[in-house]
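Undergrad: Each chain, written out:
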Amino acid sequence: MELLYFGDKGWGDELFFATLMTIAVSITAMIIGFIFAALFTPLKLSNNKFLNSIGNAYTTVIRGVPELLVIYLFFFGGSGAIMFVASIFGYNDYIEINAFLTGSFSIGIISGAYSTEVFRGALQSIDKGQFEAAKVLGFNKYIYFFKIILPQMLRLAIPNLSNVWQITLKDTSLISVTGLVEIMRQSYIAAGSTRDPLFFYSFAAVLYLMLTFLSMQLLNRLETKYSKGY
Amino acid sequence: MINSFPKLLNATLITLKLLSVSLILGLFIGLGFAILRMNNNKLINKFAYGYSYIFRGTPLLVQIFIIYFGLGQIEYLRTTFLWVVLKEPYWCAIIAFSLNTGAYTSEILRSAFQTIKPGYLEAGRSLGIPSKIIFTKIQIPIAIKQSLPAYGNEIILMLKGTSLASTVTLMDLTGVAKYIISTTFKPVEVFIVAGGIYLFMTFIIHNVIKYLEKKYGFQT
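Chains as they are written, first to last, in this note's numbering: chain A, 1 to 230; chain B, 231 to 450.
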């Protein structure tokens with residue numbers, strides 16, 4: 001237990017901040033994922049064949065390729081791509097993007113593919129009459145989307161989104177390969193310097209279990225809140 | 231890009247080996263725990279639930295690291311025959327993958343067994359069929375049919391999961407891809423080739439499952 005003391009002697013504070021880092025990366029990735037989902041869900045539902053195939057390509061490729069490979073692509077290719085864009089604008093110095101951004105971005109793209117599928121499914125299961133009624137009644141676009149479609153979509157999407165959240169949370173452990181100090185990386189460092197991998201990796205497992213357990217409690221509450229009236 | 235193709239294809243064999251062995255072991259583990267989950271004894275039930283909760287609630291990476299780096303630390307294990315297995319990264323990866331997919335499979339099978347209408351079992355019993363035959367000839371075929379779509383997803387998730395073997399020094403498809411990327415610094419090209427191979431495998435698995443779904447698609 002001494003290993004978990006806060007301060008110089010133990011790894012308690014380091015692991016605490018690493019846990020915060022995991023939470024921060026997961027939330028950022030989830031938000032980036034929502035942005036991707038907001039872009040690609042309309043494409044997947046579009047009648048235009050070309051747009052439709054772009055949307056399908058995104059979800060198929062990302063969901064069919066290992067997360068680790070996607071992370072390596074952005075980790076090794078990310079700064080190269082940004083430097084290429086910068087060189088077009090006449091900036092030729094070396095640019096290094098920080099591990100937090102690369103990590104959240106790559107996990108975000110993955111989580112976005114799952115979110116896209118969830119939103120598509122939710123939108124498709126809303127009764128068609130709702131869209132038609134809203135149009136017939138002449139609501140403006142803002143009310144049409146935010147007051148009529150979105151609340152119904154959220155109710156259907158939240159149970160599946162909480163699955164996406166779990167996947168995203170667990171995927172953040174893979175960012176440790178890029179050197180970002182989250183739970184997994186911190187346990188790796190601690191295990192290396194104390195020669196006690198069993199303890200630290202088991203403790204990491206406990207931390208992840210706590211995170212998944214607590215977030216499920218929160219999300220279940222959200223689910224009951226949004227399914228009011230049904 | 232073309233030079234790297236044979237190397238990646240070679241590594242695909244390791245990925246497939248990891249996948250098939252852990253799926254087979256995982257299926258047995260999953261079936262075992264699914265049966266335990268349906269046991270009426272609360273303690274056994276809780277134990278099986280705890281198993282699947284822990285393995286589904288933690289990242290696969292943690293599980294591999296505990297087995298590969300962690301278990302080697304126990305002095306006692308080093309003296310037993312288990313050490314022959316545990317010192318090999320290949321077997322550690324397989325143990326971790328099987329336990330992980332076993333947890334997910336047990337949940338899939340449990341829900342498949344529970345959705346079987348009680349009428350089928352009652353009909354079987356009233357016809358005087360022994361309970362062993364009810365299990366193998368009635369419950370299992372229906373459960374296979376019910377669980378196929380979810381199990382197909384699990385196979386694809388596991389295919390992606392095998393990429394984590396590269397973190398314990400195994401040179402599977404992702405491991406070789408990473409090695410080529412870090413030596414040639416051509417991430418996009420290697421990603422396209424390796425990703426293409428993964429997508430091809432996903433495509434085949436998807437279609438095999440679709441075919442099986444049709445084959446087992448009897449009305450229940």
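Check each hint, because a few of them may be wrong.
Said to hold, decoys possible - Derived DEER-like restraints, expressed as beta-carbon distance ranges: (1) B:K362 / A:A133: 53 to 59 angstroms; (2) B:E352 / A:F139: 51 to 57 angstroms; (3) B:W321 / A:F145: 35 to 41 angstroms; (4) A:L219 / B:G302: 35 to 41 angstroms; (5) B:I265 / A:A86: 58 to 64 angstroms; (6) B:E352 / A:V206: 24 to 30 angstroms.
Simulated from the structure, these hints should not be mistaken for lab results.
Only a predicted model underlies this, so the values are computations on that prediction, with no experimental measurement involved.
Glycine included, each C-beta is placed from N, C-alpha and C at the ideal position.
Undergrad: With respect to the beta-carbon atoms only, verify the hint that I265 (chain B) and A86 (chain A) lie 58 to 64 angstroms apart.
TA: holds, 59 angstroms
Undergrad: Honestly, do L219 (chain A) and G302 (chain B) meet the 35 to 41 angstroms range at C-beta?
TA: Between L219 (chain A) and G302 (chain B), where Cβ atoms are some 37 angstroms apart, the hint holds.
Undergrad: Between the beta carbons of E352 (chain B) and F139 (chain A), is the distance compatible with 51 to 57 angstroms?
TA: holds, 53 angstroms
Undergrad: Evaluate the given range 35 to 41 angstroms for the C-beta pair formed by W321 (chain B) and F145 (chain A).
TA: violated, 54 angstroms
Undergrad: Could you say whether the range 24 to 30 angstroms given as a hint is met by the Cβ separation of E352 (chain B) and V206 (chain A)?
TA: violated, 44 angstroms
Undergrad: K362 (chain B) and A133 (chain A), beta-carbon distance inside 53 to 59 angstroms?
TA: For K362 (chain B) and A133 (chain A) the Cβ distance comes to about 56 angstroms; the hint holds.
Of the hints listed earlier, those the structure fails to meet are numbers 3 and 6, in rising order.
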